[in-house]
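Student: Based on the provided sequences and hints, a complete structural model is requested.
6 protein chains.
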Amino acid sequence: MKELFVKDLKKDMEIVDFFMVKSISVKTGSTGKPYLDVTLGDMTGEINGKKWDVGASDHLLKEKDIVKIIAVVTEFNSQLQLKIQRIRKAVPESNPDDVMDMKDFVKAAPEVPIAMYGYIMEVALNLKDEDLRRLCVKVLEDNREKLMYYPAASKNHHAELAGLLYHMKRMLMNGERVCEVYTNLNRDLVLAGVIMHDMQKIFEIDADTDGMASGYSFEGQLLGHIVMGVKYMDSLALELGFSQEKRIMMEHMILSHHYEPEYGSPKRPLFPEAEVLHYLDILDARMYDMEEALKITEPGGFSDRIWTLDNRRIYNPEK
Amino acid sequence: MKELFVKDLKKDMEIVDFFMVKSISVKTGSTGKPYLDVTLGDMTGEINGKKWDVGASDHLLKEKDIVKIIAVVTEFNSQLQLKIQRIRKAVPESNPDDVMDMKDFVKAAPEVPIAMYGYIMEVALNLKDEDLRRLCVKVLEDNREKLMYYPAASKNHHAELAGLLYHMKRMLMNGERVCEVYTNLNRDLVLAGVIMHDMQKIFEIDADTDGMASGYSFEGQLLGHIVMGVKYMDSLALELGFSQEKRIMMEHMILSHHYEPEYGSPKRPLFPEAEVLHYLDILDARMYDMEEALKITEPGGFSDRIWTLDNRRIYNPEK
Amino acid sequence: MKELFVKDLKKDMEIVDFFMVKSISVKTGSTGKPYLDVTLGDMTGEINGKKWDVGASDHLLKEKDIVKIIAVVTEFNSQLQLKIQRIRKAVPESNPDDVMDMKDFVKAAPEVPIAMYGYIMEVALNLKDEDLRRLCVKVLEDNREKLMYYPAASKNHHAELAGLLYHMKRMLMNGERVCEVYTNLNRDLVLAGVIMHDMQKIFEIDADTDGMASGYSFEGQLLGHIVMGVKYMDSLALELGFSQEKRIMMEHMILSHHYEPEYGSPKRPLFPEAEVLHYLDILDARMYDMEEALKITEPGGFSDRIWTLDNRRIYNPEK
Amino acid sequence: MKELFVKDLKKDMEIVDFFMVKSISVKTGSTGKPYLDVTLGDMTGEINGKKWDVGASDHLLKEKDIVKIIAVVTEFNSQLQLKIQRIRKAVPESNPDDVMDMKDFVKAAPEVPIAMYGYIMEVALNLKDEDLRRLCVKVLEDNREKLMYYPAASKNHHAELAGLLYHMKRMLMNGERVCEVYTNLNRDLVLAGVIMHDMQKIFEIDADTDGMASGYSFEGQLLGHIVMGVKYMDSLALELGFSQEKRIMMEHMILSHHYEPEYGSPKRPLFPEAEVLHYLDILDARMYDMEEALKITEPGGFSDRIWTLDNRRIYNPEK
Amino acid sequence: MKELFVKDLKKDMEIVDFFMVKSISVKTGSTGKPYLDVTLGDMTGEINGKKWDVGASDHLLKEKDIVKIIAVVTEFNSQLQLKIQRIRKAVPESNPDDVMDMKDFVKAAPEVPIAMYGYIMEVALNLKDEDLRRLCVKVLEDNREKLMYYPAASKNHHAELAGLLYHMKRMLMNGERVCEVYTNLNRDLVLAGVIMHDMQKIFEIDADTDGMASGYSFEGQLLGHIVMGVKYMDSLALELGFSQEKRIMMEHMILSHHYEPEYGSPKRPLFPEAEVLHYLDILDARMYDMEEALKITEPGGFSDRIWTLDNRRIYNPEK
Amino acid sequence: MKELFVKDLKKDMEIVDFFMVKSISVKTGSTGKPYLDVTLGDMTGEINGKKWDVGASDHLLKEKDIVKIIAVVTEFNSQLQLKIQRIRKAVPESNPDDVMDMKDFVKAAPEVPIAMYGYIMEVALNLKDEDLRRLCVKVLEDNREKLMYYPAASKNHHAELAGLLYHMKRMLMNGERVCEVYTNLNRDLVLAGVIMHDMQKIFEIDADTDGMASGYSFEGQLLGHIVMGVKYMDSLALELGFSQEKRIMMEHMILSHHYEPEYGSPKRPLFPEAEVLHYLDILDARMYDMEEALKITEPGGFSDRIWTLDNRRIYNPEK
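Just so you know, the sequences run in chain order A, B, C, D, E and F.
Residue 769 in my numbering is what sits at position 158 of the first sequence, and the numbering runs on without skipping anything.
Residue 866 in my numbering is what sits at position 255 of the second sequence, and the numbering runs on without skipping anything.
Residue 744 in my numbering is what sits at position 133 of the third sequence, and the numbering runs on without skipping anything.
Residue 802 in my numbering is what sits at position 191 of the fourth sequence, and the numbering runs on without skipping anything.
Residue 833 in my numbering is what sits at position 222 of the fifth sequence, and the numbering runs on without skipping anything.
Residue 928 in my numbering is what sits at position 317 of the sixth sequence, and the numbering runs on without skipping anything.
Hint data in this document are derived by calculation from the structure and do not stem from the laboratory.
Take these hints with a grain of salt, some might be off.
Since the list gives no way to pick out one identical chain from another, each pair is judged satisfied if it fits inside one copy or across any two copies.
[As the list claims (entries may be wrong)] Below, simulated SDA-like cross-link-like pairs (lysine to any residue); rule was C-alpha separation at most 25 Å, straight line:
no. : residue 1 : residue 2
1   : K644      : S705
2   : K857      : P928
3   : K633      : A701
4   : K714      : P872
5   : K618      : K857
6   : K633      : D915
Being a predicted model, the structure only gives us computed values, none of them experimental.
Tutor: What follows is the structure, given as structure tokens:
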């Protein structure tokens, strides 16, 4: 059983525990001698390690292997680093102590994917507008499998297992309230907009089933999820027989949800539901990033500068 | 009784009705002849009018008088304009037909001021943090009289009777939900921030008891309501014995709520509650401006360009 | 026969000639008297006129009527204006002198539409890549009718009859050369990009058969011709069986041809052919606007400030 | 006695001399062996050094210790570095050679603090406006102790012992002249503005008595010295019984002295004295940074890029 | 003798006095009747006037004529305007009352040109660097005649008779002080930079001997006074045998004195003397514009928005 | 004979071949031991190498030496690096195997300098305008020697032997076509503009005869090639007796060819020929940079981020 997590490591600790290999290679040191350079991780973070003499079996290790290590925590350039004495692959088949709960090794949204999916599907099923209801239900069903693990970003906010579902769910929760406060809003349009706005991230980002992104797809790089989303919406609207107005309004909501041209939206929101969609989106992203920053900041202290928050350093109150 | 409102006027209508004088002066025409130039209004908007021969009694009319007019609606430079044949002051004392409901003449928030005030006070009374509760209750009590009619702006969003209360109330409604969704938030801080953030608009803007602003105060122009709000918070925190941390965090929330330096916040929000405050504020302002724009836009059409919405033209769906 | 054109009018001229009504309405003067306010035009420009006493027949005039006027050229606010004494509709059926060549009244590209169309189709037919050839030929055929008259803009560059064809043709001429100079370019991609890049302006702009735009379509306002063009390309590529790479590259060329996010391209060009497409486009637009400006600028003088050229005043050499 | 200063070190020098420890730690090399990593400094600058075998006494060294070293100057990544053979703490109590003049080790303004303070107090005492005179005298007296050593910045311009006094004094010298040239200026307002504008840097920056800043205070980070200065001015004005106009004008001068919103001033200067204050401030900062840059630039050469001067490289003439 | 000045006119005054014709034309009113449209001015400002029946002699009036008028001050669009009853040219030859002091009619720097010139020449003659002394003396002598009346701008700051001399003189006064405060500065370079920096405004702007600019020269529009100044400096340096370093440093000072690329300086200042030159320049321009604004602002009030001051409204204290 | 080029090196290759020394120094390793740090290059690129034990003869090697090495290709920080076992200077005098073709070692334009020069001179000789013809011929003759090898930049586009000629030639090729398409252009002006626009790069950049820049000249840093080019044009125009208009138009073309103030042009193009010049320039620069990027990018992959292309990653199609 895993006992110690990356976020709890401190300088000079001597550790014997299991981690996942995030990246690994044999490098040549400044004196010409080879050494093993490996990044290890678990659900709480990542740490780099070095092993100064490379054994034959070390060459066989690869990304996503679960390994057991004996190491000391050192510090290099004010970052913690592992000086690894031994490393070996876990063999759960033959060694009961090596049987691991895989969830310990993967950063994941704090709620169960199927529950979040259920919440979102419930919202979809209760939309009053029949077109939008059919649209959302279909899209959720068609993409069910990938939604179960897809992150909402390759890094930054919601880059985690089922991060996209988590992002949608919390936006829906706020969106429902906003429609109660601003009663002139078309509730169905707001909620369908939330469900559709980032759906093509599934095809913009390349990710595997543990929710880790490895980069962007070819179409993602040349067009981006916003324009891909407009095209997707267009073909669905044709298929489902939307009116022209409803089709174009949904496409516009997707197109404008980043708000500023320099963030990828060539049109700014031109009706209140599109405006609301943007603010639900940005608020959720900011809350996520701030929560993450504060998780690793001492009470009464400031976080490091956070790039996605315009390099702000976030304050964690003493309480 | 008033029958016809500004928003319902159409070209070529012949009208006999009551309006409030918003501004009035005798001007000299291009041929050197004097004429009466008057802006009339009611709770739905304003319209300019001309009277081509000026009578002796016309010179006695002044701002805020309720007047009865006989006029024809014409068009000049694609704007409606009244060609006034007769105008006289209403005399409710002597003429029962001239007795008016003053609410018809003043743009006002759609809810009753005392009810909104009650809602907000209720929130304040239920804050768990004793310091913040005492702060909010005191501030609401101290400014009770002015809150009953103060607008939240001299023009643009919430420039109407009790607009500031309406702005606070709707922000609180959303704020409560946001604290349920993002459970790490300090609810008291968010809600106290909402109550305090614009309170000094009462001293930044010069307004009269019908909620109409006539301009900015001297201190408003040289310092602005944000910095005035920080000073106000500072003296209240000293008086109420806040801890340094609580005092400075509240001041920071006021200081940062416009988010961008170019909009008046020299510091960006540095903790999640300050971040949320900004988004509650901007969302409410945008919803207000869009609602106003759509009130006078035909279904299936676009509004005029709206300066406070970056010159966007807002779309009103056909339904 | 029309003898005098708008661009040749000078102050104090007394004129008797034919013009097209561009807009017309009866307005009320500052003294309350009605007058006729009419904008007249021909292929060289437009001029405003006033008729101070309105006759019964004046009410029957409407946009696009050809009218004969008797008038004096005056100046108002440093702009020429017509003081119209008489105005009547042309009756070519009954009056031989009223038979006009409609080309005199409509601003048009300087080349014959069918010839320009032929040039472009020739380019399309000679593309070596079979997919791109079929694409371009099909698109040119499908949109043949509208291309014969569509402008390339609602105002600014190429806002004229067949302006879109003219824009495409001159870009192709330069594009062919650029591919000779930079031999690594994929010539078919560049030329197909030119043909496709603005094709959806036909659906973004509302224009009539004399090439005059009356505004933007609903989809044009909410999505814009760039995103519409990507969707159009997508459906054509599916229909014609393009490879994924070729489809996405063509979509990217359309998406990125305005280059800067603030001009509507969420992605900048990511390969040389897309880069070239942008420069062919902008160069042609700039040359058009400068030529237009210099047409009405005296040798040795500067034009007025031109909005589409960043408010520059363009110099016309003395020669 | 200290003989050699950091700015005079050259590659390959063998040195035996005294320096102050600026930071020190024991690190682990790439081969796993510990070494001593120490930054040494004196009034002319700082240099990093390494000692490859760590002795027991090395662990006892700490920041601000004066140490004697034997070392060779080497070069690493085009920066000078010390290869330290021996290092020991100075013991002035027992070793006469170890008695040092502490001024050699601390970067300081080029004038004596008490003399600069005297100059500024003299200006304050001669203000004609009684309110402003009492304000400035009180503020100078109340903050006398800290002014003797406080820097004007944590890094960049005037980050040195008594740098704040030096900044104020030179601004006052120029300010007096400017008031002679622009005779409409209110001289008292300009000079009081100079004295007050940065006073809260004393509480924004955390610094010790040798003028070295260790960072920003909590209030400094959340509010900044400008807003803190406005609050400070406000309470002083109340205490001293200023008129509303005088109070607000002084607060505005502090608020606007950074001029641009993005540099921390939510309001731009709104009267000439506030405008002048800004230019006195920026000129003094720029002159300071350029002088510093040229001190370490060869005649006929360019300095490195200087971040506070928009990355310019400053030229030092050959003379 | 002139008794009433433009800045003292108030609504409803009846006036009989002399003014200078700034522009004049016969226009056609909205009813088709001609009227005289004339702008009149004196050293304190300008005002527009209308004369509703045009006499034969009115056609003979032209720019710069001194005229005597009988008129009433009216208000149109919240601007004062003259309703002129009679207007005639002054005939000082035959009518002693018509003999005017021309200084009353021309906006001029507040000091005598020859005295300012003398001050500047004195500075030039006392430069220690022989090259710079010869340069400045020569340039002042060569341009003596035009300097006596040239404005420093076509509008905005120092657009007045001898405004360029006034600008140079006040910059020199401050410059001398700055060199005393920052003793590392090369005083000769700073002062010669002041004298040379705007000298080519004499050829960039077209102005007549009363200091009124009529526009920009051809070279002024295509190159601008900064680049023209660099060329001028270059030829003078060659003629006077400057070293390469001195020549290029002087050219750089001229080139960089507007500081920001968007204000015309392709290079930012790269040594302290060039930096100082910029701040002397901008400070003098700002002080001038603020003084002008406050001359026509009531104590306790704000000026109109001033374009050259980023649309700020400047406050005039109550005193 | 050289067999292996930098661009073809792969990890783990063992190589024995010739390279040019680009930079060389003896450094001290982290353990205090000296090693040889050398950058080697050829016409296809550069690579860093280390030699861990330094021999006596190694100290004699210097920049531009041709050396023969025995080495292994390793990887350090994801960059290839040579681990050099032996290195010696080539001695072509005594060793026939050491005779090298120098072209293998220098990055150069893909066409023969004299042929490009001939093309450009041909264009110059065929200009119809006698002044411009004499200008261009003279300038080409006067700078013939340097043009044969000068790069067009110190890094970025056309930083290679005869890069300036190559840049001019390709711009001329496109320029000729553009003048055929836009027939109102003054062809002589466009082509003379191309020839003159960057000519002063010869004096802005310090480069040696193999086309490698070592930095910028003093005048280059303080004025830049644009302003230097205007001065150069000015003196030539005086010498050749140009009309004022022609002189200033040519100077303006040089001045405005970077288009944006922030890229060094204080004036934007004010006539079509200047506008065209800019687009010919930028298109050629962009094509060059993209070609270079794609040379080292796999088909179907993206290049690294390229600074001169706004950090875009360029796509190389699969074909």
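Student: Next step is simple, just say for each hint if it's right about the structure.
Tutor: How the hints compare with the structure:
Taking identical chains as interchangeable, the C-alpha atoms of K644 and S705 are never at most 25 Å apart, the minima being 34 Å within one chain and 37 Å between chains. In the homo-oligomer, the alpha carbons of K857 and P928 lie at most 25 Å apart only across protomers (9 Å), although the nearest pairing inside one protomer, at 46 Å, exceeds that limit. In this assembly of identical chains, K633 and A701 lie within 25 Å of each other by CA distance solely inside one copy; the values are 15 Å within and 46 Å between copies. Taking identical chains as interchangeable, the C-alpha atoms of K714 and P872 are never at most 25 Å apart, the minima being 39 Å within one chain and 41 Å between chains.
Taking the closest pair of Cα atoms, K618 and K857 never come within 25 Å of each other, the shortest separation being 48 Å inside a single copy and 28 Å across copies. Taking the closest pair of Cα atoms, K633 and D915 come within 25 Å of each other both inside a single copy (23 Å) and across two copies (23 Å).
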